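Trainee: So you can see what is in the structure, the chains are spelled out below.
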Amino acid sequence: MTSIFPSPEWLNDLHNNLNSDSKYGEVARKWEGDISLIIESDVRFRDTVILYLDLWHGRSRAVEYVVHPDQKPAAFVISAPFSNWLRILQGDLNPVQAMATMKLKVRGNMAYIMRNVPTVLDFTRVAQETPHHL
Amino acid sequence: MLQPILKVDLTTRTIREGPVPRDWVRDYFGAASLAARMLYEHLTLDLDPLSPEAPLLFLNGPLTGTAGPAVGRFVICAKSPATGLWGEANIGGFWGPELRRAGFDGLWITGAAEAPVYLWIRDGRAGLHPADHLWGATTYGAQSVIQQELGETGTRVASIGPAGENRVPFALILCDHGRVAGRTGMGAVMGSKNLKAVAVKGSGEVPLVDWAAYKPARSAANRALRDHNQSVVLRDLGTASGAEYFDYLGELPKKYFQSGVMGPGYHASGCTVSETILVGVSACHGCVIACGRVVDLGDGRGRRKGAEYETMAGFGPNLMIEDIAAVTRLGERCDELGLDSISASNVIGLAFKFYEEGRITPADTGGLPLKWGDPEAAAACVEAAAVRKGFGRFLALGARGFGRYFGAEEAAVQVNGLEAAYHDPRGASGMALSYATSPRGACHNQSDFFFVDVLGQTVDGLGLTFHSRHAGAEKARDVAIHQNWRSVNNALVLCILAEVPPDSILRLLNAALGIDETLPGLLLAGERAWNIKRVINHRLGLTGMNDRLPQAFLEPMPDGGSAGFTPDFTGMLSAYYQARGWDPTNGRPAPEKLASLGLEWALPDP
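Here the protein sequences come in this chain order: A and W. 1 is the number of the first residue of the first sequence in the working numbering; add one for each residue after it. 1001 is the number of the first residue of the second sequence in the working numbering; add one for each residue after it.
Treat the hints as calculated values from the structure; they're not laboratory data. For clarity, every value in this text was computed on a predicted model and none was experimentally measured. Heads up, the beta-carbon is just placed ideally off N, CA and C, and yes, glycines get one too. Misleading hints may appear alongside valid ones.
For the chain A half of the interface with chain W, some residues (derived, Cβ under 10 Å), not all of them [claimed, not checked]: (1) Leu89; (2) Val96; (3) Met99; (4) Thr101; (5) Lys103; (6) Leu104; (7) Lys105; (8) Met110; (9) Asn116; (10) Val117; (11) Pro118; (12) Leu121; (13) His133; (14) Leu134.
Could you put the whole structure together from the sequences, leaning on the hints where they help?
Mentor: Structure (structure tokens):
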């Protein structure tokens, strides 16, 4: 069963997968901070939406799919055009490399992100393993 | 446009101006590339790099001091006493821009003073001052005394420490707030000439052909650079910002390149510094990044320079030292004594390894036990190396000489006498070629290809392809292009940490020199510079046999993020020679390659 990316359904699938993935639970056990992933419109995606996740100690405590154009406040706000998110989701773009090359824009405590690269990468793995279609 | 250089003969105490040929500026732009052209005829196999005859060249680039994006740098070049090959070290701070404002763009220093001196340059004039009272002083100490003596606010001083005076082959030259020309022993060359320091103060304008075009291009480039993610990270966390990631990938070596992990909970990184001892940041002239760290160790000495990535890796994980304050002090002491922290920590790591293996004993070390993780032992080694006393006599040989003396040269992690930086080719395979083919030895600044391998920085417009960080021969062509591109950086001089797009660089360079260069032309100039340095090195005795890796990089790491991997070096080197147009049997640039670069006059010596 796959869900459309991005959609409330896919976000819920990701939420459930994060909470059932023991490896993520272990790697991210010290992570404290909610994130807003801003999917910006581009030629392949008309809208701008926000995937909000409240991540805490290896768990996803809550998620929210935000279609309002205003930014959802969060400790970490990461934005990119839809196509770049898709490349990350499909494993064609490493998220750390994407941050270093401005394919992802980041607002928030970069020290915390760089300190927790394994968590970032494992979060990405779970997202990649969450089935999606366009 | 470049201004005249000052030609200083310390033996005869004569100082005169000399022009820089316009054609050379057109072909090489400035700094490291132009230095190679200027030194070409003078660097010979039988030249002793520490003799009075050996020239020492300080040179600006066409963008130095223009407040463009991270361009406040200059370069120092000579025949290297560490390698016997091409020596080059570029350095930030404010000294280079100040020299421009004083009316000069370089210094050509030969001879040797009868007694220690320092050179004082003030707005078109220059003279030599006695420096007997400064001999033995630290770099910062000499800087401070000279500034007080001259009494001119804003005087910039480039100085050596005791290590340079003692001709340690990895002695540095330091200016301003701990900015260093660290690699290839330029401090030893300066010390051999009895030249303690060069002080400069200028009040003129920085020369530039088309300010009207330059200023808007500069503003746009600086704004973009300031807001780039990498700049934000460098400002927040310093050059060690990527340490955790490099560690995760097994690209950050530990225990003298023998291990990929250090232990749970340990992080020698910019994050650790920012969360513990950081109290401020510092910047070189006009730089919007401000990657310099200002720290307070709580020992009553107040604010001081914090360690950057290489120093932190070298004195931290490389020696298994966990105390970030101790690592900071070790780096600081290297700066004070005038030792390159990469080479110093490398040879000390080799000593620790030999001690653990029983190859050296307390009888060799003067009773000093060398134990992994012991900052006191490392500090004693630093002190001894700088003055070449006791065990320091061996450490001051550098890693190659130290290994050779104790019967295990192959254990030294170096190439051609230059100790490797702390980016392991087993974590980022492109570094295998970067280290093996750099004109100055195992250097990460002639091509920091790890940025491509692990951070994906393929630099739009250069034609680089992103390969796996463990790919082999398929990335050889890209390494060559990246080396050419970094040669452009080192000619301008543009800090390699600054992510400035090629089209922005072109706009700035064209306005600065009043030319109409293109990106292919820029890359060709980089390739020309790479090849002229190669020809110089062949003249100095380098052969294809020198394009090699130390044994450590050819053995798999037992653990960590790159466990089990070794680069296919043979295949990579073969592909690299092909990509370069070099003779596959001896690594020499083919005559047709040299001709294509306008270097037909530089056919390799027979």
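Trainee: Name the hints, by number, that the structure is in violation of.
Mentor: Violated hints: 1, 13 and 14; rest satisfied.
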